[in-house]
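Undergrad: Given only the sequences and the hints, what does the whole structure look like? Please build it.
Chains as they are written, first to last, in the working numbering: chain A, 1 to 154; chain B, 1001 to 1334.
One or more hints might be untrue.
[Unchecked claim] No more than 30 Å apart at the CA atoms, straight line, and that leaves these computed lysine-lysine pairs for BS3-like:
hint, chain 1, residue 1, chain 2, residue 2
1, A, LYS30, B, LYS1059
2, A, LYS9, B, LYS1314
3, A, LYS149, A, LYS30
4, A, LYS39, A, LYS130
5, A, LYS37, B, LYS1059
6, A, LYS39, B, LYS1059
7, B, LYS1143, B, LYS1059
8, B, LYS1314, A, LYS8
9, A, LYS4, B, LYS1314
Source of the hints: derived by calculation from the structure; they are not laboratory data.
Since the model is a prediction, treat every value here as computed from it, not as a measurement.
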Amino acid sequence: MGLKDAIKKATFFEILQGMSVTGKYAASKKVTIEYPKEKSIPFPRFRGSQALITNPETGELNCDACHLCETICPSQCITIESSEAADGTKSLDEFTIDMSRCIFCGFCEEVCPRAAIVMTANYELCTYDKRDFILTKEWLIANQVHAHKELKAR
Amino acid sequence: MTQFIFLIIKAAIIFFFCVGLAAMLIWGERKFAGWMQSRVGPNYAGPAGVLQTFGDLAKLIRKEDVIPDTVDRLVFRMAPYILWVPAAVTMALIPFGPMDARIFSWSTDLVVARFDAGIVLFLAMGSLAVYGIVFAGWSSNSKWSLMGALRSGAQMISYELSMGLSLVGVMILAGSMNFVTIVDYQAGAFWHWNFIPQIVGFMIFFIASIAELNRTPFDLPEAEQELVAGFMTEYTGMRWGIFMFSEYVNMIVMSAIMATLFFGGWQAPFESWNVVPGFVWLIIKMMFFIFMYMWIRWTVPRYRYNQLMDIGWKVMFPLALANLAITALIVTVK
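TA: See below:
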């Protein structure tokens, strides 16, 4: 142990250095987000629960009932029931997502040719009842208020 | 007779002051720890969370008091109180203001016990407090508790000696072991205080007191990462709460002792500032040391076991001896 070390130890140099760091942090801005009172804003590509987008002018669903999302879904949580009219146009009867199986991969959004299904910023999906995890068509349409701004503008 | 009534009142005030302040300190420490880690700390119970400790208290009292089958029941139940009593006794020695102070038409000493061998009593009580930890660890009949108690005992041996020796310098300067006389010796402005001639003694005492309080960086007896909770492992509910509480009461006592012995006790830093009552100055000084304890706790990581022994025996003990010899020499030559 040299003289330099001895002086460093006698003056508590390194401990004071550490204390200055903690002191600085004590005075700095806090990073806590107090969750129920204030909510964090997810990033623009955050994948939360899905939503079905309606056309803002006509109020009709963008969905053509092509079943692509149902096909690509790796956890097979999407179930679609559709009917075909006499002129050949398909329409959506039922669209359910089993949230307890969804892995939030975003494939359904990627594969959709009409941008009818999107992943939203809604991350508050807790529930007291397992049955609430079965998201109905109505729930998904209502959920489009949580859609990312960039997607809403499309 | 009036003196006896005053004694009871003073003792009650000091006791409730300690308990109330300890409750506030538990909240303060959690808040401060939060700030240092960029968190906000407890902030739900009451304004800024000041009622947090009382909420915890209500929770701890309502909890089941589990006493494991294999413990030594009598000692297990006794241990928390053994830790508590020495701290309260030491607090009686601290003078909170001048002697023969006038309160309305009566006069009384603003100290509970004007005891001539104050420092010796304080050191003896400090050693007794270790029994609480050792009893708790031994009676729990658990390996974690036992390891914690053994560490506490071994730790005590390495710091107690230098702690006692560091106070001898103050004793020599003041020519007394009475806390009242030591404060009187430091009368006048702050350059008369003991920490200037006794800076080495003060640093040794401060470091040793951290070890005595079992706080980080010397919290080996309750090292969470190694020993679960050390000697407190088997305790639950309010019994554990008493351990927690007595730790903070001990902290108050230690800071009061340091303020009294090295920083002029209830004396103001300048003589003209003595219009502010003495106990305010004492509390300000105590708060400063408590703040330092907290700051150090949340900054410095725990020392290893052998490092504590090294610091105790190879650094602090020789320094305390040298400090004592030099102080004695200077006082004799004068």
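Undergrad: Against this structure, judge whether each hint is valid.
TA: Hint-by-hint comparison with the structure:
1. A:LYS30 <-> B:LYS1059: Measuring from Cα to Cα gives roughly 28 Å; hence the hint holds.
2. A:LYS9 <-> B:LYS1314: Holds, because 13 Å separates the two Cα atoms, which is no more than 30 Å.
3. A:LYS149 <-> A:LYS30: Between A:LYS149 and A:LYS30 the Cα gap is close to 28 Å, so the pair holds against 30 Å.
4. A:LYS39 <-> A:LYS130: Status holds; Cα separation ~25 Å.
5. A:LYS37 <-> B:LYS1059: Given that 30 Å is the threshold and the Cα spacing comes to 24 Å, the pair holds.
6. A:LYS39 <-> B:LYS1059: Cα-Cα ~29 Å, so holds.
7. B:LYS1143 <-> B:LYS1059: 28 Å, holds
8. B:LYS1314 <-> A:LYS8: Holds: B:LYS1314 and A:LYS8 sit about 17 Å apart, inside 30 Å.
9. A:LYS4 <-> B:LYS1314: It holds: about 19 Å lies between the C-alpha atoms, which stays within 30 Å.
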